[in-house]
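Visitor: Start from the sequences, fold in the hints, and give me the full structure.
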Amino acid sequence: QKEVEQDPGPLSVPEGAIVSLNCTYSNSAFQYFMWYRQYSRKGPELLMYTYSSGNKEDGRFTAQVDKSSKYISLFIRDSQPSDSATYLCAMMKAAGNKLTFGGGTRVLVKP
Amino acid sequence: DSGVTQTPKHLITATGQRVTLRCSPRSGDLSVYWYQQSLDQGLQFLIQYYNGEERAKGNILERFSAQQFPDLHSELNLSSLELGDSALYFCASSVRPLGGDTGELFFGEGSRLTVL
Chain X
1 QKEVEQDPGP LSVPEGAIVS LNCTYSNSAF QYFMWYRQYS RKGPELLMYT
51 YSSGNKEDGR FTAQVDKSSK YISLFIRDSQ PSDSATYLCA MMKAAGNKLT
101 FGGGTRVLVK P
Chain Z
1 DSGVTQTPKH LITATGQRVT LRCSPRSGDL SVYWYQQSLD QGLQFLIQYY
51 NGEERAKGNI LERFSAQQFP DLHSELNLSS LELGDSALYF CASSVRPLGG
101 DTGELFFGEG SRLTVL
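Those protein sequence lines, which keep their order, are chains X and Z. When we follow my numbering, the leftmost residue of the first sequence carries the number 1, and every step to the right adds one. When we follow my numbering, the leftmost residue of the second sequence carries the number 1, and every step to the right adds one.
None of these hints come from the bench; they were simulated from the model. All of these numbers come straight from a predicted model, not from anything done at the bench. Glycine included, C-beta positions come from ideal geometry on N, C-alpha and C. Please note that the accuracy of each hint is not assured.
Stated by the list, open to error - Using 16 angstroms as the maximum straight-line C-alpha spacing, the simulated EDC-like pairs for lysine to aspartate or glutamate come out as follows:
#1 X:K2 with Z:D40
#2 X:K42 with Z:E109
#3 Z:K57 with Z:E75
#4 X:K110 with X:D78
#5 Z:K9 with Z:E75
#6 X:K110 with X:E15
#7 Z:K9 with Z:E109
#8 X:K42 with Z:D1
#9 X:K56 with X:D66
#10 X:K93 with Z:E104
#11 X:K70 with X:E5
#12 X:K110 with X:D83
Claimed, not checked - Covered stretches of chain X (in silico footprint by chain Z; criterion: 3 or more residues with CB under 8 angstroms from a CB of chain Z, positions within the stretch not fixed):
#13 44-51
#14 99-109
Guide: Next up, the structure:
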């Protein structure tokens, strides 16, 4: 079983809809939680960063962490075709020096 | 543009061969990470260097090796290549090692390796 599980999708939504993405994990030592976005033929880029449990909002993006359930989410409001990409969750331990990534969810926002 | 440069972008080779992938980190970044991305395994951490020294090792095969040079560029050497080594290899960099940081790695565009 992988440490971090993520539905590969694809997730297809109409423009303007809310995109809901999530990851589950098994290692309770993870303290830092991130979402990276990867466009086709590009490297991942950091989208959101959260420490421990709670919510964080940045523009149209909201990240949620529920450590008790070992579950993290990313919501994209008012989705745009430019949001079409693969979204990878990533996690790190408190004294860690590497990121553990989920497999990524491919999102397609249709005009 | 992340500022991380990887060469070559594409590489096609045969089984049993050896290849070298090169990475130049962002200016000022001392830490370099190598990741392998395949369809079935996702993004897998291979190895990390900080200022020339190995800091962490992940699922890196014995056939693979890496180093970081004094000018901070890094090379990943893959030898005795097998069909299963076909993947995208990413290099990423950060100013300092992760841990208490934002977890922001700056990724290059990757080197796509195809082993025939």
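Visitor: Hint by hint, note whether the structure agrees.
Guide: Evaluated hints:
Only pairs whose Cα atoms come within 16 angstroms are accepted, and K2 (chain X) paired with D40 (chain Z) is accepted, the gap being roughly 12 angstroms. For the hint linking K42 (chain X) to E109 (chain Z), the alpha-carbon distance of about 5 angstroms falls within 16 angstroms, and the restraint holds. Of the pairs offered as hints, the one joining K57 (chain Z) and E75 (chain Z) holds, with about 15 angstroms between alpha carbons and a cut-off of 16 angstroms not exceeded. At most 16 angstroms may separate the alpha-carbon atoms for a hinted pair to count; K110 (chain X) and D78 (chain X) meet this at roughly 12 angstroms.
A C-alpha spacing of about 14 angstroms is found between K9 (chain Z) and E75 (chain Z), which places the hinted pair at or below 16 angstroms, so the restraint holds. Restraint check for K110 (chain X) and E15 (chain X): satisfied, since their Cα atoms lie roughly 5 angstroms apart, inside the 16 angstroms limit. For the given pair, K9 (chain Z) sits about 8 angstroms from E109 (chain Z) by alpha-carbon distance, which is consistent with the 16 angstroms threshold. Simply put, K42 (chain X) and D1 (chain Z) have alpha-carbon atoms about 10 angstroms apart, close enough for the 16 angstroms limit, and the pair holds.
The hinted pair formed by K56 (chain X) and D66 (chain X) meets the criterion: a straight-line CA distance of about 12 angstroms does not exceed 16 angstroms. Of the supplied pair hints, the one linking K93 (chain X) and E104 (chain Z) holds, its CA atoms being roughly 14 angstroms apart against a limit of 16 angstroms. For the hint linking K70 (chain X) to E5 (chain X), the alpha-carbon distance of about 11 angstroms falls within 16 angstroms, and the restraint holds. For a cut-off of 16 angstroms, the pair hint linking K110 (chain X) to D83 (chain X) stands: about 10 angstroms separates their Cα positions.
Coverage of the segment 44-51 of chain X by chain Z holds in this model, with 4 residues showing a Cβ closer than 8 angstroms to a Cβ of that chain against a need of three. Note: the segment 99-109 of chain X has 6 residues with beta-carbon separation from chain Z under 8 angstroms; the three-residue rule is met and the coverage holds.
Hint compliance for this structure: every hint is met.
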